[in-house]
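As a plain string of letters, each chain reads:
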Amino acid sequence: MSIEYLSHTADIKMLINAETLEGLFKNGVKGMCNILKEGFCESSHKIDTKVMIEIAATDNTSLLIDFLSDILAQSYIENVVFWDIEIIELIEYKIRAKLSGTQVETFDEEIKAVTYHEANVSRNDEGFWCTSIIFDI
Amino acid sequence: MKKKVKKADLNKLKDYLWEIPKSFREDMRVPARALASESIVDDIIEDRSLNQLVNVATLPGILKASFVMPDVHEGYGFPIGGVAATSYPNGAISPGGIGYDINCGVRLLISDLQYEDVKHKMEALSKEMYAQIPSGMGKGGQITLTENQINQVLTKGAEWAVENGYGKKEDLEYMESHGKLTEANPSLVSDFAKKRGRNQLGTIGSGNHFVEVDYVEDIYNSEIAKAYNLKKGQIVILIHTGSRGLGHQIATDYIRIMMNAMPKYNIELPDRELACVPFNSEEGQNYFKAMCAAANYAWCNREVISWEARKAWKNIFGDEGGELKLLYDIAHNIAKIEDYIIDTKKHKVIVHRKGATRAFGPGFEELPKDYMSAGQPVIIPGSMGTCSYVLAGTAKSKDLTFGSCCHGAGRRLSRRAAKKLVNAPVLKEELRAQGIFVESGSFKGIAEEAPLAYKDVNLVVETVQNSGIAKKVAKLRPLAVVKG
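In the order they appear, the protein sequences are chains S and U. For the first sequence, the positions run 1 to 137 when our numbering is used. For the second sequence, the positions run 1 to 484 when our numbering is used.
No lab work stands behind these hints, which were simulated from the structure alone. Check each hint, because a few of them may be wrong.
[Stated by the list, open to error] Within a straight-line C-alpha distance of at most 25 Å, the following computed DSS-like cross-link-like pairs (lysine-lysine) qualify:
| # | chain 1 | residue 1 | chain 2 | residue 2 |
| --- | --- | --- | --- | --- |
| 1 | U | 369 | U | 232 |
| 2 | S | 30 | U | 444 |
| 3 | U | 419 | S | 13 |
Since the model is a prediction, treat every value here as computed from it, not as a measurement.
Next up, chain S with everything else stripped away, as it sits in the complex (with noise of 0.2 Å):
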């Protein structure tokens, strides 16, 4: 299970793998979120706020990086970064989750979004689901 930072011109560029599905989606909100706040998802915190997003979508690409969006989405309405997450549900084409997180007055990154671009969730030979995620800076 692991998550990697590349260097993407103006962008970043994040590798994740997990051994599940559900680990994959994690990794990815974890991340995201140590973008947002370098090392704020390594450890627990006060819990000012509570969000449930529950979203569907075409196939597995889709929705993590609509998951995703929805939870950037979410920390720049409230100031607050999620770092811990709860998967209710996961099934075919669909999530629900439950996400925890603490008011920041400032987030060390300021993202515009999560692309699609070269996104693509699939299992790979040693059978770990992996993506790779740009982020528009």
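Put chain U on the given structure of chain S with help from the hints.
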């Protein structure tokens, strides 16, 4: 895996114009063209921007060719510095062809003061600008809009700022589309987007956005400079930002809608970020009207930032500072409906400009009277520590590049690479030694936007001038930079 474009795949049509023929890939509907010198071609061939340009050439209804400007770099979906015109009314509209930061753009305010007279106050001015203009990650502004007020901003654009005491009526004449697209419809903007926009009016944000105090270092065309009221040594203020979180959210919302709608219109594309629908479809119309609303927010934002800059100016120089007048305000991430002659036939088209600036020549009816014979001002921000340019659009840009020109220097290094290479505190001191005062919320922001992260803006502007799509008018040298 699509084949990568190699230099041998490009044909040189003439000086500064290269073409990847339609035969390069069978899904291309038109050729792909790059406005570039040979050294720029050698540079851009290294990344995937030309492959992205080839992908753009597959858009339904695209006319003539897909284009990139000399400041091109790799984006996602469209390359940054890309231009595509599709047939009106049923050609594609693609939010990716406008970008997430809808109506990201620049404006230039001009003063009556000369650098020599006020150089001792530059540090104080930079600090006051930083105090008056909110900048940084997700920072809120001085104004919090009610639901009704945000709908007014989305409908009226810069006019809202003027009506509410945050702007000057005379500014409106000196803005692209007079700071308002009348097709805007706030009811097509999501609650998420409106919530994100409520407290960000009058804020710069982060990334490559800034407010910069410059002086006019050189004049290249005295006749046009006179029309624009530019003089050597004059202090000017350059503002670069867009529609902030509201625009980002509108783009995100509609790319999702369009991806789901594409099968209905039998559209298949090589990259999801190119997601598009026919302009005259329900989804296409909804996006266009929401995009216009975001464009209006951006014009209003730059007008409010000008009000903040004017306050800072007054606080430092008092009445002796005189007025800061708007030279021009121009978008570089936008879609517009415009008319062109293609193969001797008149066409109405939907022009997508993503990191490209409109560059219309003399006689364009929207221009203020005093610019009518000079042509439309084109403002090209460079990187902090180098220089920026004022250009004038020409009639040739309409023939060659759908009335479009470059928008900046263009990134060369990723933010990550720049951060590794640059020691921000040292850079800040080096710039200060050169007489450039940088105020920023973080050293990270300074490192990411260091001059070495960008291409040579002089080379980009020379290419544009030599190709004939714009004329050099003036060069600006930075004195104070406020960054997110």
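How the hints compare with the structure:
1. A hinted pair counts as satisfied when its Cα atoms are at most 25 Å apart, and residue 369 of chain U with residue 232 of chain U qualifies at roughly 23 Å.
2. At roughly 21 Å between alpha-carbon atoms, residue 30 of chain S and residue 444 of chain U fall within 25 Å of each other, so this suggested pair holds.
3. Between residue 419 of chain U and residue 13 of chain S the alpha-carbon distance is near 15 Å, which keeps this suggested pair within the 25 Å criterion.
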